[in-house]
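Trainee: Keeping the supplied structure of chain A fixed, place chain B upon it in accordance with the hints.
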Amino acid sequence: DSGVTQTPKHLITATGQRVTLRCSPRSGDLSVYWYQQSLDQGLQFLIQYYNGEERAKGNILERFSAQQFPDLHSELNLSSLELGDSALYFCASSVVGQGNTEAFFGQGTRLTVV
Amino acid sequence: GQQLNQSPQSMFIQEGEDVSMNCTSSSIFNTWLWYKQEPGEGPVLLIALYKAGELTSNGRLTAQFGITRKDSFLNISASIPSDVGIYFCAGRTGSARQLTFGSGTQLTVLP
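Chains as they are written, first to last, in the numbering used here: chain A, 1 to 114; chain B, 1 to 111.
Same shape as in the complex, but just chain B:
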C-alpha cells in the first residue's frame, strides 16, 4: 500500500527556534494535510493543501505542496511551549476520501 515517509521522527528545540519537517512518498497525492495530535486527543487539522506548488500559512505555520506531488513540508516559526505535540502529514489520492498518514514527528520545545 501507499506509504508516507515523515522526518524527522523527533525534534528537541529551544523556544523561539524555527522548525521544519517533511513528508515524502513514492506515490502521487492530490491532497496533503498536516495535523497535530496532543496527548489524549485526536488529530487536529492545521493546514490543507490541494494544488501542487501551493504554499499556505496558518499563523506561525507554513506548509507547501511539492511540485512533484510526492512531498510536502511544514515549517513552524518562533516555536512556543504550546507547539509541543506530534505532527502528522497525511495524503489523499484520486477521489478517495480516506487518508494515508505519516509516522509522525514528536516535537519537544525546551524553555
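Bound-form chain A, shown alone:
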C-alpha cells in the first residue's frame, strides 16, 4: 500500500459525459501528479500541483482540468468524454516539489467510456 488513495477504482460512463476522479495523497505530501496510462500512448504525465498551485502541465487535453484543495486532495475532471479517453488514470504524490524525493503512485482509476 503506497498510501495514495484513488477513488473510484472503476468508472464506466458514456461518451459526452463528465467525470471526476479523486486522489488523496500520502500524509505530509504536498505534491500531486496525474498520469494517464493507455494502450497506445503508455504512461503520460498530465499535470502536477504543489500545495494547491499548478506546477507543471504535460499532455493534458483542454477538456481535462484538475485542482488541488486546501486539504491537499486533488481532483481530475474529464469532460465531453470520448471513447479514446478510456484509460487508467494514476495519481502520485511526493513530499516536496523538487529534490531527490520520488513520488508514490496510487492504484489508479480505470475509466471506460462506452
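Don't take each hint at face value.
Which residues of chain B face chain A? A few of them, derived with a C-beta cut under 8 angstroms, are [stated by the list, open to error]:
1. Leu33
2. Gly40
3. Glu41
4. Pro43
5. Leu45
6. Ala48
7. Phe88
8. Ala96
9. Gln98
10. Phe101
11. Ser103
No farther apart than 27 angstroms at their CA atoms in a straight line, the calculated lysine-lysine pairs in the BS3-like style are these [to be verified]:
12. A:Lys57 x B:Lys70
13. A:Lys57 x A:Lys9
14. B:Lys70 x B:Lys51
15. B:Lys51 x A:Lys57
Hints were generated in silico from the structure; no laboratory data involved.
Cβ atoms here follow ideal geometry from the backbone N, Cα and C, with glycine treated the same way.
Mentor: Okay, now just chain B, sitting in the frame of chain A:
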C-alpha cells in the same frame, strides 16, 4: 516531446535465469528510475539513479545510469515467479518533477 525507447518489449524466461532490459533516449536525463507494475496496481519504484555512471542495487536488481546520460539498464538476477510484471524505465530532466516513461517490458517467468 521526449521519448524513451525501452527494450525488449516482452521477455519469456525460465525461473533462475538472469534478465536484462534497457532504455535509451535522444535527450539527456538527470534522473533515471525503474518501476514495476503488477495487474491492478500502480507503478512501484524499484531503483532510483541520480548520477551518470551510478550503479545501484536493490536485492537481486541492479541498475545503471549511463555515462552519456541518455541510457539506463536494469538487470534482474536469478529470476523467481514473483518477478512477473511490467517493468518501466522513467527519466526526468532539469528541475522538472514529472517523469517521461518508457513503453515497458513485460516479463514472464516460466517455472
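Trainee: Now look at each hint and say whether the structure bears it out.
Mentor: Going down the list of hints, with the structure as the test:
1. A least Cβ separation of about 7 angstroms between B:Leu33 and chain A falls short of the 8 angstroms threshold, and the interface hint therefore holds.
2. The interface hint given for B:Gly40 is met, as the beta carbon of that residue sits about 7 angstroms from the closest beta carbon of chain A, less than 8 angstroms.
3. This hint holds: B:Glu41 has a C-beta 6 angstroms from the nearest C-beta of chain A, less than the 8 angstroms allowed.
4. With 8 angstroms as the threshold, the beta carbon of B:Pro43 comes within range of chain A, its nearest partner Cβ sitting at about 5 angstroms, so the hint holds.
5. The beta carbon of B:Leu45 is positioned within 8 angstroms of a beta carbon in chain A (closest approach about 5 angstroms), and the interface hint is therefore held.
6. The beta carbon of B:Ala48 is positioned within 8 angstroms of a beta carbon in chain A (closest approach about 6 angstroms), and the interface hint is therefore held.
7. The restraint placing B:Phe88 at the interface with chain A holds, with a minimum CB-CB distance near 7 angstroms, inside the 8 angstroms limit.
8. At about 6 angstroms, the closest approach between the beta carbon of B:Ala96 and any beta carbon in chain A falls short of 8 angstroms, and the interface hint on this residue holds.
9. A hinted interface residue such as B:Gln98 counts as satisfied when its beta carbon comes closer than 8 angstroms to some beta carbon of chain A; here the least separation is about 4 angstroms, so the hint holds.
10. Interface hint at B:Phe101: satisfied, since its Cβ lies 4 angstroms from the closest Cβ of chain A, which is below the 8 angstroms cut-off.
11. Annotation: B:Ser103 was flagged as interfacial toward chain A, and the flag holds, the nearest CB pair being 5 angstroms apart, inside 8 angstroms.
12. Our distance criterion of 27 angstroms between C-alpha atoms is met by A:Lys57 and B:Lys70, whose separation comes to about 23 angstroms.
13. Distance restraint check for A:Lys57 and A:Lys9: the Cα-Cα separation of roughly 24 angstroms lies within the 27 angstroms cut-off, and the hinted pair is therefore satisfied.
14. Our distance criterion of 27 angstroms between C-alpha atoms is met by B:Lys70 and B:Lys51, whose separation comes to about 12 angstroms.
15. At roughly 26 angstroms between alpha-carbon atoms, B:Lys51 and A:Lys57 fall within 27 angstroms of each other, so this suggested pair holds.
Checked against the numbered hints listed earlier, the structure breaks none of them; every hint is satisfied.
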